[in-house]
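Just need the whole structure built from these sequences, with the hints factored in.
Chains as they are written, first to last, in this note's numbering: chain A, 3 to 350; chain B, 3 to 350; chain C, 3 to 350.
Read the hints as simulated data drawn from the structure, not as lab findings.
Because the structure is a prediction, the values reported are computed rather than measured.
Any given hint might turn out to be false.
Heads up, the list lumps identical chains together, so a pair's fine if it works in one copy or across two of them.
To be verified - Quick list of in silico lysine-lysine cross-link-like pairs, DSBU-like style, CA-CA up to 35 angstroms:
id, residue 1, residue 2
1, Lys292, Lys309
2, Lys310, Lys330
3, Lys33, Lys310
4, Lys259, Lys329
5, Lys91, Lys33
6, Lys259, Lys46
7, Lys91, Lys19
8, Lys320, Lys309
9, Lys97, Lys310
10, Lys259, Lys309
11, Lys330, Lys309
12, Lys33, Lys46
13, Lys259, Lys97
14, Lys329, Lys309
15, Lys310, Lys295
16, Lys292, Lys19
17, Lys91, Lys320
18, Lys309, Lys33
19, Lys259, Lys33
20, Lys33, Lys19
21, Lys259, Lys292
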Amino acid sequence: MTWTTSRLAAELGLEYKGRDRELSGCNTLEKAVSTELSFLANSKYIRLASQTRAGAVILSPEHAHLLADCILSPNPYLDFARAVQFFAKEQGALKGLSELAFIHPEARIEADVTIYPFVFVGPGASIASGTICFSGVYVGEDCRIGPNCRLYPQVSLMAGTILGRGVILHPGVVVGSDGFGFAQGDACLEKVPQIGRVIIEDEVEVGANTTIDRAALDETLIGAGTKIDNQVQIGHNVQLGEQCIIVSQVGISGSSKLGRNVVLAGQCGVAGHITIGDNCRVGGKAGVSKSVKPGTDVSGNPAIEHKKYLRSASLFGKLPELYQRIKKLESSLERLREEQEARGESND
Amino acid sequence: MTWTTSRLAAELGLEYKGRDRELSGCNTLEKAVSTELSFLANSKYIRLASQTRAGAVILSPEHAHLLADCILSPNPYLDFARAVQFFAKEQGALKGLSELAFIHPEARIEADVTIYPFVFVGPGASIASGTICFSGVYVGEDCRIGPNCRLYPQVSLMAGTILGRGVILHPGVVVGSDGFGFAQGDACLEKVPQIGRVIIEDEVEVGANTTIDRAALDETLIGAGTKIDNQVQIGHNVQLGEQCIIVSQVGISGSSKLGRNVVLAGQCGVAGHITIGDNCRVGGKAGVSKSVKPGTDVSGNPAIEHKKYLRSASLFGKLPELYQRIKKLESSLERLREEQEARGESND
Amino acid sequence: MTWTTSRLAAELGLEYKGRDRELSGCNTLEKAVSTELSFLANSKYIRLASQTRAGAVILSPEHAHLLADCILSPNPYLDFARAVQFFAKEQGALKGLSELAFIHPEARIEADVTIYPFVFVGPGASIASGTICFSGVYVGEDCRIGPNCRLYPQVSLMAGTILGRGVILHPGVVVGSDGFGFAQGDACLEKVPQIGRVIIEDEVEVGANTTIDRAALDETLIGAGTKIDNQVQIGHNVQLGEQCIIVSQVGISGSSKLGRNVVLAGQCGVAGHITIGDNCRVGGKAGVSKSVKPGTDVSGNPAIEHKKYLRSASLFGKLPELYQRIKKLESSLERLREEQEARGESND
Numbered sequence: 003m004t005w006t007t008s009r010l011a012a013e014l015g016l017e018y019k020g021r022d023r024e025l026s027g028c029n030t031l032e033k034a035v036s037t038e039l040s041f042l043a044n045s046k047y048i049r050l051a052s053q054t055r056a057g058a059v060i061l062s063p064e065h066a067h068l069l070a071d072c073i074l075s076p077n078p079y080l081d082f083a084r085a086v087q088f089f090a091k092e093q094g095a096l097k098g099l100s101e102l103a104f105i106h107p108e109a110r111i112e113a114d115v116t117i118y119p120f121v122f123v124g125p126g127a128s129i130a131s132g133t134i135c136f137s138g139v140y141v142g143e144d145c146r147i148g149p150n151c152r153l154y155p156q157v158s159l160m161a162g163t164i165l166g167r168g169v170i171l172h173p174g175v176v177v178g179s180d181g182f183g184f185a186q187g188d189a190c191l192e193k194v195p196q197i198g199r200v201i202i203e204d205e206v207e208v209g210a211n212t213t214i215d216r217a218a219l220d221e222t223l224i225g226a227g228t229k230i231d232n233q234v235q236i237g238h239n240v241q242l243g244e245q246c247i248i249v250s251q252v253g254i255s256g257s258s259k260l261g262r263n264v265v266l267a268g269q270c271g272v273a274g275h276i277t278i279g280d281n282c283r284v285g286g287k288a289g290v291s292k293s294v295k296p297g298t299d300v301s302g303n304p305a306i307e308h309k310k311y312l313r314s315a316s317l318f319g320k321l322p323e324l325y326q327r328i329k330k331l332e333s334s335l336e337r338l339r340e341e342q343e344a345r346g347e348s349n350d
Numbered sequence: 003m004t005w006t007t008s009r010l011a012a013e014l015g016l017e018y019k020g021r022d023r024e025l026s027g028c029n030t031l032e033k034a035v036s037t038e039l040s041f042l043a044n045s046k047y048i049r050l051a052s053q054t055r056a057g058a059v060i061l062s063p064e065h066a067h068l069l070a071d072c073i074l075s076p077n078p079y080l081d082f083a084r085a086v087q088f089f090a091k092e093q094g095a096l097k098g099l100s101e102l103a104f105i106h107p108e109a110r111i112e113a114d115v116t117i118y119p120f121v122f123v124g125p126g127a128s129i130a131s132g133t134i135c136f137s138g139v140y141v142g143e144d145c146r147i148g149p150n151c152r153l154y155p156q157v158s159l160m161a162g163t164i165l166g167r168g169v170i171l172h173p174g175v176v177v178g179s180d181g182f183g184f185a186q187g188d189a190c191l192e193k194v195p196q197i198g199r200v201i202i203e204d205e206v207e208v209g210a211n212t213t214i215d216r217a218a219l220d221e222t223l224i225g226a227g228t229k230i231d232n233q234v235q236i237g238h239n240v241q242l243g244e245q246c247i248i249v250s251q252v253g254i255s256g257s258s259k260l261g262r263n264v265v266l267a268g269q270c271g272v273a274g275h276i277t278i279g280d281n282c283r284v285g286g287k288a289g290v291s292k293s294v295k296p297g298t299d300v301s302g303n304p305a306i307e308h309k310k311y312l313r314s315a316s317l318f319g320k321l322p323e324l325y326q327r328i329k330k331l332e333s334s335l336e337r338l339r340e341e342q343e344a345r346g347e348s349n350d
Numbered sequence: 003m004t005w006t007t008s009r010l011a012a013e014l015g016l017e018y019k020g021r022d023r024e025l026s027g028c029n030t031l032e033k034a035v036s037t038e039l040s041f042l043a044n045s046k047y048i049r050l051a052s053q054t055r056a057g058a059v060i061l062s063p064e065h066a067h068l069l070a071d072c073i074l075s076p077n078p079y080l081d082f083a084r085a086v087q088f089f090a091k092e093q094g095a096l097k098g099l100s101e102l103a104f105i106h107p108e109a110r111i112e113a114d115v116t117i118y119p120f121v122f123v124g125p126g127a128s129i130a131s132g133t134i135c136f137s138g139v140y141v142g143e144d145c146r147i148g149p150n151c152r153l154y155p156q157v158s159l160m161a162g163t164i165l166g167r168g169v170i171l172h173p174g175v176v177v178g179s180d181g182f183g184f185a186q187g188d189a190c191l192e193k194v195p196q197i198g199r200v201i202i203e204d205e206v207e208v209g210a211n212t213t214i215d216r217a218a219l220d221e222t223l224i225g226a227g228t229k230i231d232n233q234v235q236i237g238h239n240v241q242l243g244e245q246c247i248i249v250s251q252v253g254i255s256g257s258s259k260l261g262r263n264v265v266l267a268g269q270c271g272v273a274g275h276i277t278i279g280d281n282c283r284v285g286g287k288a289g290v291s292k293s294v295k296p297g298t299d300v301s302g303n304p305a306i307e308h309k310k311y312l313r314s315a316s317l318f319g320k321l322p323e324l325y326q327r328i329k330k331l332e333s334s335l336e337r338l339r340e341e342q343e344a345r346g347e348s349n350d
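As structure tokens, then:
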């Protein structure tokens with residue numbers, strides 16, 4: 003299909019102004035050429051917008067004066083994201099079930115599923131229509147995979163894992179590995195068998211090399227629409243609410259619960275057996291050691307209320323100065339005391 | 003086999019009281035039904051125990067009055083862990099050597115080994131009886147794998163790696179990748195070839211996507227019974243003692259040594275070329291930059307003695323208040339000094 | 003080939019003194035036997051050097067008096083690294099294109115490429131001479147791989163990734179996974195399709211299980227000669243300069259830029275959309291939230307100038323003592339004020 007400014011605008015339910023051009027792709031304001039679409043979502047980039055060679059720019063009405071050729075949107079970033087989908091070429095070149103895959107005779111594969119070479123599908127597993135399993139994927143016994151999922155190369159779904167519809171697992175994701183549970187025996191640590199499972203609800207996306215452990219008993223749960231970045235670690239029995247954003251290299255310890263719309267910034271850690279309420283935001287590198295009430299922003303390690311953290315953090319670099327001021331206060335006070343005593347004595 | 007309360011108790015060498023029921027599985031106190039076993043190991047959950055519908059609960063004699071049907075144990079968590087093993091269904095549905103695997107003719111595979119499809123076993127490698135290699139496992143040349151190991155999907159053992167008996171490697175584990183060693187040349191960094199190997203002793207468990215680098219020269223060593231969680235990084239020439247617990251996302255830099263029974267909590271980091279003595283515990287997110295004497299608990303970054311850290315950490319959030327108090331002290335002192343001078347002058 | 007002290011010295015362009023021995027390998031000063039080469043690069047190990055049984059030791063002329071048999075070098079570590087290369091046995095036992103691999107008919111494989119079993123090469127991909135793809139590697143459509151690369155087991159190159167010459171990707175590396183980009187829709191987060199790519203320049207080495215995301219639009223770039231350790235996360239649109247050193251478990255957020263010769267120590271994090279100038283060094287576990295000028299060393303979270311950080315960090319452990327001193331100042335001042343007032347009144 004050939005896209006034009008007018009057709010794009012119509013598809014997005016938006017108005018455009020200026021020339022109606024043919025558009026063959028999307029790019030940044032700096033790099034776009036006259037056949038490419040771009041966007042302006044942040045006033046910081048107004049200068050780039052005014053200099054762009056893009057064929058059309060999605061922007062908000064308040065910026066419409068900047069450019070002759072544009073598409074007007076109340077939410078330019080969202081509409082650009084939608085527009086990019088029209089141009090994006092889906093990854094993956096194969097269709098159907100590869101003869102180089104291993105599909106157990108007791109697995110159930112619906113129509114319109116793509117299985118690449120070197121995929122393993124165990125007995126009792128089921129894969130619904132529209133799902134693609136790339137090369138090297140392992141689907142353990144009794145896994146249930148919903149429709150329209152993408153399992154990129156080297157993904158491992160251990161036995162009994164359940165995925166909803168439209169789940170995306172990037173390369174190297176591990177779902178359903180054993181939780182980290184050991185009991186102290188007389189001479190050594192004894193393994194606590196991990197016999198629960200993992201449920202990942204609809205429209206969840208999980209980044210490359212992220213690991214999600216199965217529950218010890220019961221379930222580890224990732225709520226619908228939650229987005230997880232690369233190299234995140236999610237312990238056994240964790241429950242994530244819907245529409246959470248978990249940035250890369252975060253670790254969530256066993257049995258902790260997150261509400262809805264929680265944002266965990268990069269490299270933060272959440273201790274075990276605590277609850278983080280709806281709409282909380284946790285700062286990068288924070289260490290959350292206690293439960294957090296809904297709607298609270300926290301930062302630091304151990305995490306405290308975010309604004310309080312900012313004030314303390316800004317003083318951390320001033321500790322040497324504060325230390326000097328304390329020493330000076332001590333000597334000044336001592337001198338003053340001596341003077342006062344001297345004066346007192348001379349007055350006596 | 004059908005399990006009953008009496009048979010379970012007998013198997014565990016414990017006494018039971020109440021009804022002798024048929025038991026078909028294990029669950030939490032909250033979710034267990036009348037055919038399931040549960041446990042009470044923490045007084046915090048006494049209320050849940052008194053309300054449980056579990057068919058039997060493993061608990062300590064002091065809690066025996068709470069429930070009619072229970073198994074009495076001096077260590078309920080440990081005995082529950084052992085009981086779960088009777089109910090746990092081992093992962094893995096295949097047996098024998100898959101014809102879809104690549105096993106080099108110069109590899110030595112003992113009887114009763116299971117090799118899944120798409121496993122690669124290189125020349126000179128040996129795999130002992132009872133070991134299972136899941137789909138996608140790579141066993142490099144000259145690796146030696148002991149009996150009863152589990153190598154889950156996508157595990158890579160690079161050339162020359164040695165595993166003892168009963169080693170469990172979860173999906174995506176990499177053992178024997180090159181250590182990070184470069185020498186500054188005139189124009190660029192030159193690779194220092196990493197020609198050592200990795201030895202993993204008996205009963206070690208390694209979590210998903212953890213990486214353990216081969217030694218530059220000599221050996222990287224993981225001591226018997228040590229348990230490593232997901233996404234841990236272990237640098238070249240590191241030596242871990244026996245029965246250590248390394249929680250997820252920990253990083254241990256090259257050539258550092260841990261003694262026996264060391265616990266490293268999540269996301270902590272250990273600098274290179276240092277020693278952490280027997281029975282030390284390192285707090286979550288700590289950064290250990292100097293050697294630590296046996297039996298010491300440390301926290302913080304840079305890590306200091308744990309109790310000291312707790313006191314300092316609690317004051318971090320009070321820095322703004324301390325700052326105000328210092329400013330107030332300065333102005334009060336200044337005022338006092340002025341008053342004293344004024345008084346002194348008026349007295350003169 | 004048989005190596006001797008004299009031949010090694012000649013090959014390295016160095017002089018030797020003492021016996022000319024046959025050498026069959028390399029080892030540490032402590033473990034080397036009389037047929038092994040070792041090195042002394044740090045005065046800390048002089049005692050070990052004087053006790054070594056190594057057949058020859060590469061050391062600097064100032065240490066030549068320590069040992070009868072040695073090779074003299076102005077840069078012993080660099081020359082040892084080069085010497086090790088003569089003894090190192092390259093990993094990998096196979097040659098040629100395995101019949102157990104899947105190579106798409108529209109892929110272009112040059113002569114002298116090695117493709118292991120269970121490798122997937124997609125349509126439009128090209129692989130240049132001398133490159134080895136180990137078992138389980140995924141090469142997506144339209145990837146271009148330069149000459150003499152090593153792609154170790156389970157590496158995933160997603161569609162359109164470009165590698166220069168001599169690139170080494172350790173097991174489990176993911177290149178070209180989707181960046182973490184979502185736009186807030188009315189009811190849920192909507193995926194921003196990631197349609198850029200990743201370019202990795204010549205002589206880059208990337209550690210096990212590291213992930214490098216494709217650009218949203220445009221390119222993620224890893225500059226020539228840069229060395230990246232295990233479990234590093236590199237976000238979309240990041241640009242790394244040449245000859246950088248990125249230690250394990252570092253995270254670099256989207257669109258940030260590093261100059262040349264930047265060193266990021268272990269577990270540090272870099273916020274998005276910032277620039278770290280040439281020759282900067284960032285301390286372990288630091289959190290860099292603002293751009294850093296060339297040649298600056300920073301540490302801490304949020305990162306500040308390194309020397310300043312050291313002073314503040316050393317005072318962190320003294321916070322309880324400082325707190326006591328402030329309290330004491332307050333009470334002393336109060337007492338002094340009371341005394342002064344008392345005195346004043348008695349004088350009036």
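Verification of the hints:
no., hint, in the structure
1, Lys292 to Lys309, "both (17 angstroms within a copy, 18 angstroms between copies)"
2, Lys310 to Lys330, "both (27 angstroms within a copy, 20 angstroms between copies)"
3, Lys33 to Lys310, "neither (41 angstroms within a copy, 40 angstroms between copies)"
4, Lys259 to Lys329, "neither (46 angstroms within a copy, 40 angstroms between copies)"
5, Lys91 to Lys33, "within (19 angstroms within a copy, 46 angstroms between copies)"
6, Lys259 to Lys46, "between (37 angstroms within a copy, 18 angstroms between copies)"
7, Lys91 to Lys19, "within (27 angstroms within a copy, 64 angstroms between copies)"
8, Lys320 to Lys309, "both (18 angstroms within a copy, 12 angstroms between copies)"
9, Lys97 to Lys310, "neither (55 angstroms within a copy, 59 angstroms between copies)"
10, Lys259 to Lys309, "both (24 angstroms within a copy, 28 angstroms between copies)"
11, Lys330 to Lys309, "both (30 angstroms within a copy, 22 angstroms between copies)"
12, Lys33 to Lys46, "within (17 angstroms within a copy, 53 angstroms between copies)"
13, Lys259 to Lys97, "neither (39 angstroms within a copy, 38 angstroms between copies)"
14, Lys329 to Lys309, "both (29 angstroms within a copy, 21 angstroms between copies)"
15, Lys310 to Lys295, "both (16 angstroms within a copy, 28 angstroms between copies)"
16, Lys292 to Lys19, "neither (53 angstroms within a copy, 38 angstroms between copies)"
17, Lys91 to Lys320, "neither (52 angstroms within a copy, 53 angstroms between copies)"
18, Lys309 to Lys33, "neither (38 angstroms within a copy, 40 angstroms between copies)"
19, Lys259 to Lys33, "between (43 angstroms within a copy, 17 angstroms between copies)"
20, Lys33 to Lys19, "within (22 angstroms within a copy, 61 angstroms between copies)"
21, Lys259 to Lys292, "both (12 angstroms within a copy, 32 angstroms between copies)"
The structure fails hints 3, 4, 9, 13, 16, 17 and 18 (numbered hints given earlier, in ascending order).
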